[in-house]
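*Asks:* Numbering of the sequence shown is given in the UniProt record's numbering, commencing with residue 1 and proceeding in unit increments.
Since the hints were derived computationally from the structure, they do not count as laboratory data. Here the structure is a predicted model, which is why all the values come from computation and not from measurement. If a hint is listed, it holds; no wrong ones were tucked in.
With beta-carbon atoms standing in for the labels, derived distance ranges: (1) Lys88 <-> Glu442: 36 to 44 angstroms; (2) Leu419 <-> Arg62: 38 to 46 angstroms; (3) Thr447 <-> Ser50: 16 to 24 angstroms; (4) Met418 <-> Asp261: 45 to 53 angstroms; (5) Asp133 <-> Asp485: 53 to 61 angstroms; (6) Asp261 <-> Lys394: 42 to 50 angstroms; (7) Asp485 <-> Pro315: 25 to 33 angstroms.
C-beta: ideal position from N, C-alpha, C; glycine also.
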Amino acid sequence: MRRIRIFDTTLRDGEQTPGVNLNIQEKVDIAKQLARLGVDVIEPGFPLTSPGDFEAVQRIAREVEGPYICGFSRAIIRDIDETWKAIKDAQKKCFHIFISSSDIQIKHQLGKTEKDVLEIVKNTIYHAKQYTDEIEYSPMDASRTRMEFLYELIEAAIDNGATVINIPDTVGYSTPIEFGELIKSIRSNVRNIDKAIISVHCHNDLGMAVANSVVAAMNGAQQIECTINGVGERAGNAALEEVVTHIEAKKNYLGFETGIDLSQLYKTSKIVSKYMGLPIPVNKPIVGKNVFTHESGIHQDGVLKERSTYEVIDPKVVGRDDSTILLGKHSGRHALKVEAQKLGYDLDEERLTKLFSDFKKLTDIKKNITTADLESLIIESAAKAVEETYVLEKIRVVSGNIETPSAKVVVKDSNGNMLEAEQNGNGPVDAVFKAISSVIKESNNLTLYKYSVSAVTEEMDSLGEVSVTLKENERLYTGVGTHTDIITSSAIAYIDAINKYIAAKEKANN
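With the hints as extra help, turn the sequences into a complete structure.
*Replies:* Structure representation (structure tokens):
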């Protein structure tokens, strides 16, 4: 059966989602999880965007084995040289070189002619060939490019060393039939196309990214570019979990498959959601909370008799098994480590110590710890991969409809000093944030950009997950907090975001 390669761009195109700003450790953690998932290529960022992005790509190149690590670069010689420095230590490495190809972008964005672009493509790909044989070329906005010019560009790219030709639907404008015909026409009209892999990169502006990607594969594309949870600019990209599960469910009809370990899908989705501070919609295919929930009596009756009556895939196939009771207050450190390993997390001693401390605190307020609870704790612990300058020690909140909400907090600083404050607010969360800000002076330059809440499980004592994003100028800092009390979760997340801001400032000053 034909195999479709999966190219993941969560850490590059996906991180361009408005409001998302991952730190270096978060990017490394996501890349390692993508390798466990079994993607063929990881595009870990745009190395020349900032020193932090360069360092993240470089660390991923050095630490992540299995997939190709792909360096994203403009079609500029000096950019290619610098990008190589970021990816050169990877076990397997490749370039992804791009330049606009549509008339509207060449004229208005680049200020060049088609002839100029053709020469740039030839020269830059030939130059990149000195570093590696694996080179992907993207004619940006291909779906709106004049066809004869598109064929000419692709032929020139392959002649000069490109091994992958990526066809982007950059503004999500195509329909499945239209995009399938585009791939078919490239196969029919580009004389040397058999020397390269055809890839597709579909945006979701009109809601067609997954459909366009699958139909492209039906018409001969051999690689699909995706992001976890469909994250990305504007309306996002083709959602990896939807693309690969669709292919798995219909592989006998489609005649192709992927090498993805579907059992890792749900975990990967949750990690990306938590690190990016983007809650998963309840009706999101494959990973949404409601996807395997049946409300209709007729549907419930059918599922109880035979799951396949109303479910096209077993939830466990994609790694969904949230309710298993694993541990309790008498469970020890070794048992916790074993259960974490079963979930696919190999924790070093430092992270295990932090997790065990958080776990023991949770068992004081929650009797049974489920798979979902444990995984939430692990992800939160990893998300706090910066020095905790401040830690929440105590919190008391008074709220209701007969008096002004107020909050009293005690925060411990890195020197062990206890900082105490009490503030009123428009609600309990507002009061908590004001109290914390009054004792943490570094927060004075920060404003609240985004706040979101979600429940880990459905029980009465469910953990509440809170994501708080703070903003200074154009920089964003996202913190996460988990607790059975949602106000406490909010306080933890708020302080976590402040700690990340402080860590970023200290690193910049050094």
